[in-house]
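Listed here are the chains, written in short residue letters.
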Amino acid sequence: MATLSTPNHAVEQFAEQVKQANLDKQTIQITGNQSKVPLRNEDLNGDPVQELNISNYSGIIEYEPAELVVTVKAGTPLTELQAALAERNQMLAFEPPDYGNSTIGGTYAVGLTGPSKPFRGILRDFVLGTKMIDGQGRQLGFGGKMIKNVAGYDVSRMLVGSKGSMALITEMSLKVIPLAIEVTYCIEMPENEAILLMNKMAGTALPMTGGAYYQGRFYYRVAGEHSLQTNQVGVRECDNSIWLTLNPFRPELEAGEKLWRVDVESTNPAIENTIAVGMGGTRRWVASPHKPNHPYVTLWQTRFAPRHNDTPCVQKIKLGLRDVFDPNHIFKQL
Amino acid sequence: MDVIQALTDAITTKNVLSSVESCRPYECDGLSAYREKPLAVALPDNVEQVKAVLRICKQYKVPVITRGSGTGLAGGTLPLKDGVVLGLSKLSEIIKIDPLQRIAVVQPGVRNIAVSQAVEKYGLYYAPDPSSQIACSIGGNVAENSGGVHCLKYGLTVHNVLSIKVLNMDGEESNFDEKDDGIDLLALMNGSEGLLGVIVEIKLKLLPKPEAAQLVMAAFHSVSDCADAVTSVLEQGIIPAGLEMMDKFSLMAAEEFAKVGYPTEAEALLLCEVDGSHAQVQTDAKRVADILSQKGAYKITVSQSEKERIALWQGRKNAFPAVGRFSPDYYCMDGTIPRNKLAFVLEEIDRLSGIYGLKVANVFHAGDGNLHPLILYDANKEGELQLTEKFGTEILNLCVDVGGTITGEHGVGVEKLNSMCHQYNTPELEIFHGIKAVFDDTGLLNPGKAVPTLHRCAEVGQMHVHNNQLPHPHLERF
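Heads up: the protein sequence lines correspond to chains A and B, in order.
For the first sequence, this note's numbering begins at 1 and goes up steadily by one.
For the second sequence, this note's numbering begins at 1001 and goes up steadily by one.
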């Protein structure tokens, strides 16, 4: 959204760097703290790549708890943002995984959401607006700070998952929620029974915010005040840390095994070689030398490379949109 | 052969309307001040026929205006006189309901409320509830990213759609899914107002019905006290399911219409609904009542039964027709503003109302900052509609200037094209036009809606000047 703002030195410099790259026909890789994607100094053709690092562009720009909105610079570490929110009894609803000093910009770029995904929604659901620099070095703004806004295409949400390939996101406004007071329960049972049960429970009025299966146990998390629970046979209260074990999930693998992230319908029966079920059944982690036969599978060691399963029609749209935002292909493709 | 004959051959005579009489119901949508008779109306029975219509229109270079139930409030489905209206109301099948997975797969012509009705027996419902929910279609909801009164807690349409199937002008089908890799095309389609494709199937997220709900009604002596009280509720960690505010005019009109016992002496009335488990609702309703009374509410009513809760809502739900009784016509605005700017914005609207000599009633979705000023006017008085539109534009510009937006849930359509020039600058509008061209290089999908041309913005004189550099200095301006 176009608003008058004071010239921002750091953002001006980023824009200059992008403009210069256009003149020099130079590829740029946007980096944060490289907790997920390391800098590679050459592109696929072996040509040199210039770094544009946003990690110093950090900090909260505006935070009004009563408006349920926080506006942050893209280089802000998740821990810093989360601490500031916690101080005012609020949180990020999408519980982003922290791979070690991860920034909010990097999290937006790859679109990662935590265990509450089917219950509270995904990262892009909470994006209200962004400021960005496109491939021509133009400073643009889309969306805003409002929960409801249907003026113009929803560019701010569309670019979630764009992995720095279309524009440099410099700032974003995110909807926040009150800090949830949550309790985790667990019970031993077979995987298929757990998958069925987590779906059944999610269809009741129980305020569930997590459902997972790990090492023979069904875990579920409940927020706020509610009845029932521990009076059921075998169910006991357990530590909330299970959700951090699964988010980010970094298991030790046997030799020859690969870790596959499989996104499925929540009711999908147990998949062979699954080592964890998360997100209410919609996420399966499979350890296997072979790719599971499902449509939405990502090899996790190359997790930010495209899956290449788009139809020609969708491929054409994506290539076309890249040209709209970055006509000279300045921003590196992962 | 002309396009009407080609359509008739492809989807049968009964599915193509072209006479003045038969096209009449399609001349406008909910924004009835704008009307146009389309060249023809195509009402396909199935997706294959939709594809055929698109291919024919592409071949004959005829614009296509996709329409659901025609309840839109911004003229998003206003016909073009040389265009075909593609009505999808016959695609009204609920294809699949999976209660365990909590999803429903529907065709675009399914009415919003029909989804909730169909899944009620499983204890589930579809959350977004625009006020037109008994009539509006799910396809239209996606096209407009429709809201409702429960958005703060349960989200807009974009938050409740898991995947869609979309056709382009060649009739080619694409699937956009939440699970897709890379950029989020599903999010982009929500609110794209029929400019990027024709949605033919939608997978919706269903939610379990809350165990209980309770309504707290509070009366205030001033609008700013009421706004402050809302702020306190949210600050203290309560997310109400509904949070509605009415100014004096609205609440008096609503009371006169619905007779539900609203305190007509109040300057502002707040309706705050909490839902969830029985225990949670009891706790929250009490906390809300305490906070509101601490913050200056002089009268508080907490619903003691489901009957009372529904009764208390009746006034608010009928606020628009209630206000409408005071005037031959009214014009509904849809700006959003940061809540802390509410008192200022209402004062400004009041001041402008004096200048224009037009009365305004205000209802406000206080939870999500969505303000609906209703401007009262008489279309039969020479020039009054134009005056009303000018007043409306000033209100929307005001919303943008305090950090809000010109439309929260109704969409831009044809109505707010000029205001878009105020909200976005040239490079941003260029990006929008670029996106459109990628999805629809023919430019035949709902042309002229939602995004103003740069030329138009230059004409209305609201083009943004960035860093004091006039954009596109080579463009003629008059």
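Treat the hints with care, as some may be off.
Cβ-Cβ distance ranges computed for the label pairs, FRET-style [stated by the list, open to error]:
hint: 1; chain 1: A; residue 1: V183; chain 2: B; residue 2: S1305; range: 29 to 37 Å
hint: 2; chain 1: A; residue 1: D323; chain 2: B; residue 2: R1351; range: 18 to 26 Å
hint: 3; chain 1: A; residue 1: L179; chain 2: B; residue 2: G1261; range: 31 to 39 Å
Derived from the structure by calculation, the hints contain no laboratory data.
Think of the CB as a built atom: it goes at the ideal place given N, C-alpha and C, for glycine as much as any other residue.
Okay, the hints, checked on the actual structure:
1. For the pair A/V183 and B/S1305, the beta carbons lie near 31 Å from each other, so the given range of 29 to 37 Å is met.
2. Taking 18 to 26 Å as the suggested C-beta distance range, the pair A/D323 and B/R1351 does not conform, at roughly 47 Å.
3. Separation of A/L179 from B/G1261 is about 37 Å and conforms to the stated range, judged on CB atoms against 31 to 39 Å.
Hint check: a violation occurs at hint 2 only; the rest are consistent with the structure.
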